[in-house]
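Colleague: Those sequence lines, one after another, are chains A and B.
Numbering follows my numbering, in which position 238 of the first sequence is assigned residue number 238; successive positions increment by one, without gaps.
Whatever position you read off the second sequence (first residue = 1), add 1000 for my numbering.
Think of the hints as simulated: they come from the structure by calculation, not from any bench.
Hints are not guaranteed to be accurate.
Stated by the list, open to error - Listed below are the simulated SDA-like cross-link pairs for lysine to any residue, each with C-alpha atoms no more than 25 Å apart in a straight line:
| hint | chain 1 | residue 1 | chain 2 | residue 2 |
| --- | --- | --- | --- | --- |
| 1 | B | 1260 | B | 1393 |
| 2 | A | 275 | B | 1331 |
| 3 | B | 1305 | B | 1064 |
| 4 | A | 275 | B | 1330 |
| 5 | B | 1063 | B | 1085 |
| 6 | B | 1305 | B | 1369 |
| 7 | A | 120 | B | 1109 |
| 8 | A | 275 | A | 172 |
| 9 | A | 120 | B | 1308 |
| 10 | A | 120 | A | 33 |
| 11 | B | 1151 | B | 1384 |
| 12 | A | 120 | B | 1025 |
| 13 | A | 120 | A | 220 |
| 14 | B | 1305 | B | 1085 |
| 15 | B | 1063 | B | 1148 |
| 16 | A | 120 | B | 1246 |
| 17 | B | 1151 | B | 1176 |
| 18 | A | 275 | A | 230 |
| 19 | A | 191 | A | 275 |
| 20 | A | 120 | A | 89 |
| 21 | A | 120 | B | 1371 |
| 22 | A | 120 | B | 1242 |
| 23 | A | 120 | B | 1316 |
| 24 | A | 120 | A | 2 |
| 25 | B | 1151 | B | 1393 |
| 26 | B | 1151 | B | 1369 |
| 27 | A | 120 | A | 83 |
| 28 | B | 1242 | A | 316 |
| 29 | A | 120 | A | 231 |
| 30 | A | 120 | B | 1064 |
| 31 | A | 275 | A | 2 |
| 32 | A | 120 | A | 152 |
| 33 | B | 1063 | B | 1308 |
| 34 | A | 231 | A | 257 |
| 35 | A | 275 | B | 1242 |
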Amino acid sequence: MLPRDLQADRFAAYPPLARRLAEANLTSLQRLPLSFLPGLLRELIEYDFKFPAERTAIENELVALSSLTRPQSDEWWRLFSQITLSASLERFDWVNHPAQFVEQESAYLWSTGQLDAFRKAAVDYGDRLRAATPVEPLPARRLGITVVGQGVESYDRPLFRNLRAHGTYFANVKPAKGLELLLSAVETRAKAHPMPYGHWYVDGGRAAEHNSGLTCVSYDALEPVRTALLKYMQTEIARPGMGPEELRTNLARLLPSDLGIENETDPALDRFQVKLFTEGSGTQIFSTTFAQWATREALRRAQPLTLIVRFAPRQRQKPMNELLSGWGNAEADLAGSLIDADMGAYYHWINQQRLAGSDQSAFLVWFEDHGQALAIGPTMPRGTQSTSALDLGELVSLTVS
Amino acid sequence: MHPSSRSSAAPLAAARTVANPCEMAARLSRSRREFLRGVAGVAAGTAFLGASPLVRGETARKKRKVIVITFGGGARDQETFSPEGQANIPHLLHELAPQSSFLTQVSNRGILGHYVATASLATGVYETLNNFSAVPPEHPTVFEYFRKDLKRPSSDAWVVAPSNGFNRIGESDSRSYGSGMGARVILPKHLLGAATSGSTMDYAHLIRDNYETPLYAPQLAGGEFELQQLETILRLSVDDFKAHALTLSSPDELSVFIAKRLMQQESPSLLWITMHDIDVAHSGAYSLYIEGIQRTDRLCAELWKAVQSEPEYAGNTTMLILPDFGRDADEDAGGNGFQHHRTGDTASRTTWMMALGAGVRPGVVYDRPVQSIDLVPTLGAMLGFSPTESHGQPIAELV
């Protein structure tokens, strides 16, 4: 089936809000090329379980698409229309299984040498959409905080190297009650600017005590989910004929209830957490990877005003089968975890800078229980060093000032 | 299907302005050149074209040996050739680069999965096989051209490969070549697994799985190295093999140990070694990725030293080192930086090649763009065979 043949009843299996949105925009959807449309439907079919920022983005995208004149439409889709797809992809039930379609389309694009053309088309589309979509002003500067090096007593090599050119390096901050002060600052922001999923706390280990106004995701709290997932993976791998494609597809279909989350009090967050494990790579075995990926995904999807992430020690590397099956003792790799987290801080900043208001956003990274920190913000000098003896609360205030 | 490409649709979700790909590739190339000039004291290559000390003549050709080292799992510039990465590659930089012709811009326009990319390197054609299936390449491999054209025995072409998925890399499905005409393949991890059957815990660190898809180990079929041949070919008892393996710390160290043993016992003229430790980056742990780079750097130098110390190889061997492709750039919103090679961006498609030894001008940097599929025709020109089905071109600067 091609998009032009699309009818409203094809969305009958969609969740209610998604179905209503698809039906209301049927005419627009019918005009889209097949190389593009399932990618949009992959987002739309999850609409009922998405964060507010994601819902707004989908709605804005549909408004932008519906407002295109015929000549504009031709121009917007010119590059996507040049992508050729196979007959089997055309026959695929891409309305009800858009994610699987996109996977197969992806493989097809690589094998037919069209990936670069698709990439160009996607970038072009993103630029057009961004220009056509309204940007709501933020109530305050966006703030990102990364805490690295938990448990590391001393470390001689330079930290925050990727970030130093962008901000001020503090060599002498007061570490006392540092985490407490940082969480307190985040909670204050959450109270001042209340918004659903607007203020996050990600912890690669056990979450510290915090206010319920924060959306919290922690590696330790999700251990039962992780255990259930690893058990599921082991069972699937042992099945005759199981390959990586099938396994990945099966993982993508898992719901919170499949992994032991019986009473979904927050469906959007529950699904978000499950996807961290079913769609992330390495999140199941390394807490540092989990913290980095959770931060990236929270920023990309929920676009929070504030996000604090605290990295924790990950287990030492072992053979993959052993890591997946949970054999042996989970010996921690403290120095390796610090290096992972240092890079994770850089990625936190990069991902934050991809969001609206990046020219006004603020960022802080701190070596936990030590005196080293780095702050980035519109008022912070770049590429400089300070020996000011601030505590972490004062440093946050300075960073967002 | 090719799971490495799963995120190819990611640009759709996170499209953003990017520099022109050609511009980006040239920028990467310039960066590598400038850095090598500064650190290793190498010169720009164009001035030397047409004056390279080539190894020519039938006699030289018969004695000539070639060792190819590929990295399954590219290392990006910021962790290698850029100023901040230099500490990770002291051997490549200070020992090997000054002796090398260095090509700064090698692009891979094919599928960015390790098995399919290595198969493409070995055939000179961008293969489209399933990255995670134990299937042979569609087109003839360099080993088949080499053996058939030059009438070489099977003992003269060997592959040391990292994981079970590579066991069919030695020969293709081609009717004109194919069965019995390819290289012999050793999978050191498979060998160690067989040697230690039932008691792998002490060796588990050497039998790490495929990082790209840690959940998949295809059933072996084809011409893999049999355990009993440890003694007949490598002159190594199972007990000695196990004892030595205990002294090693990674799968690539095991591969290099086997490769050196092969050089001593079989002296193949064409030896292809695929390393894989760097690809631990897929787990998302940056420190492990860096360790993988540092180890690979050391092992490349170790192999080059072995070449100098083996009478069969010293003075007549050309060694080529290249990653199969790169990794995603930090700036690409469709990827997750170093972790994968899924976006198809310039950083993931552009890498480098180092050639050193016989017939290669030392200490020269070439910026001209070449493709990874140019490797096979280049080897053909070096060794004297005709890779008729390859889509690449010989790299003039190396032949």
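Colleague: Indicate, hint by hint, whether the structure satisfies it.
Modeller: Against the structure, the hints come out as follows:
A threshold of 25 Å between alpha carbons decides the hint, and for residue 1260 (chain B) with residue 1393 (chain B) the separation of about 30 Å lies outside it, so the pair is violated. Taking the CA atoms of residue 275 (chain A) and residue 1331 (chain B), the gap is about 23 Å. The hint holds against a cut of 25 Å. Only pairs whose Cα atoms come within 25 Å are accepted, and residue 1305 (chain B) paired with residue 1064 (chain B) is accepted, the gap being roughly 17 Å. At most 25 Å may separate the alpha-carbon atoms for a hinted pair to count; residue 275 (chain A) and residue 1330 (chain B) meet this at roughly 22 Å.
At most 25 Å may separate the alpha-carbon atoms for a hinted pair to count; residue 1063 (chain B) and residue 1085 (chain B) exceed this at roughly 37 Å. Restraint check for residue 1305 (chain B) and residue 1369 (chain B): the C-alpha separation of about 29 Å exceeds 25 Å, so the hint is violated. With a C-alpha separation of about 15 Å, the suggested pairing of residue 120 (chain A) with residue 1109 (chain B) holds against the 25 Å cut-off. Restraint check: the Cα-Cα separation between residue 275 (chain A) and residue 172 (chain A) comes to about 39 Å, which exceeds 25 Å; the hinted pair is violated.
Using a Cα cut-off of 25 Å, the hinted pair residue 120 (chain A) and residue 1308 (chain B) is violated, with the two alpha carbons roughly 47 Å apart. Only pairs whose Cα atoms come within 25 Å are accepted, and residue 120 (chain A) paired with residue 33 (chain A) is accepted, the gap being roughly 15 Å. Restraint check for residue 1151 (chain B) and residue 1384 (chain B): satisfied, since their Cα atoms lie roughly 11 Å apart, inside the 25 Å limit. Distance check on the hinted pair: residue 120 (chain A) and residue 1025 (chain B) sit about 16 Å apart at the alpha-carbon level, within 25 Å; holds.
Our distance criterion of 25 Å between C-alpha atoms is broken by residue 120 (chain A) and residue 220 (chain A), whose separation comes to about 41 Å. Taking the CA atoms of residue 1305 (chain B) and residue 1085 (chain B), the gap is near 24 Å; set against the 25 Å cutoff, the hint holds. For the hint pairing residue 1063 (chain B) with residue 1148 (chain B), the CA-to-CA distance comes to about 17 Å; that is within 25 Å, so the pair holds. Between the alpha carbons of residue 120 (chain A) and residue 1246 (chain B) the distance comes to roughly 49 Å, so the proposed pair goes past 25 Å and is violated.
The hinted pair formed by residue 1151 (chain B) and residue 1176 (chain B) meets the criterion: a straight-line CA distance of about 14 Å does not exceed 25 Å. Proposed proximity of residue 275 (chain A) and residue 230 (chain A) is supported: the alpha carbons are some 14 Å apart, at most 25 Å. Restraint check: the Cα-Cα separation between residue 191 (chain A) and residue 275 (chain A) comes to about 28 Å, which exceeds 25 Å; the hinted pair is violated. A threshold of 25 Å between alpha carbons decides the hint, and for residue 120 (chain A) with residue 89 (chain A) the separation of about 21 Å falls inside it, so the pair holds.
Under the criterion of a C-alpha separation no larger than 25 Å, the hint pairing residue 120 (chain A) with residue 1371 (chain B) is consistent with the structure, at around 21 Å. At roughly 51 Å between alpha-carbon atoms, residue 120 (chain A) and residue 1242 (chain B) are farther apart than 25 Å, so this suggested pair is violated. This hinted pair does not check out: residue 120 (chain A) and residue 1316 (chain B) have alpha carbons roughly 46 Å apart, beyond 25 Å. Between residue 120 (chain A) and residue 2 (chain A) the alpha-carbon distance is near 23 Å, which keeps this suggested pair within the 25 Å criterion.
Restraint check: the Cα-Cα separation between residue 1151 (chain B) and residue 1393 (chain B) comes to about 23 Å, which is no more than 25 Å; the hinted pair holds. A distance of roughly 33 Å separates the Cα atoms of residue 1151 (chain B) and residue 1369 (chain B); the hinted pair therefore is violated under the 25 Å criterion. Taking the CA atoms of residue 120 (chain A) and residue 83 (chain A), the gap is near 11 Å; set against the 25 Å cutoff, the hint holds. Our distance criterion of 25 Å between C-alpha atoms is met by residue 1242 (chain B) and residue 316 (chain A), whose separation comes to about 24 Å.
Only pairs whose Cα atoms come within 25 Å are accepted, and residue 120 (chain A) paired with residue 231 (chain A) is rejected, the gap being roughly 40 Å. With a C-alpha separation of about 45 Å, the suggested pairing of residue 120 (chain A) with residue 1064 (chain B) is violated against the 25 Å cut-off. This hinted pair does not check out: residue 275 (chain A) and residue 2 (chain A) have alpha carbons roughly 30 Å apart, beyond 25 Å. A C-alpha spacing of about 44 Å is found between residue 120 (chain A) and residue 152 (chain A), which places the hinted pair above 25 Å, so the restraint is violated.
This hinted pair checks out: residue 1063 (chain B) and residue 1308 (chain B) have alpha carbons roughly 15 Å apart, not beyond 25 Å. With a C-alpha separation of about 15 Å, the suggested pair residue 231 (chain A) and residue 257 (chain A) falls inside the 25 Å cut-off, and the hint holds. Proposed proximity of residue 275 (chain A) and residue 1242 (chain B) is contradicted: the alpha carbons are some 41 Å apart, above 25 Å.
Going down the numbered hints, you'll see the structure goes against 1, 5, 6, 8, 9, 13, 16, 19, 22, 23, 26, 29, 30, 31, 32 and 35, while the others check out.
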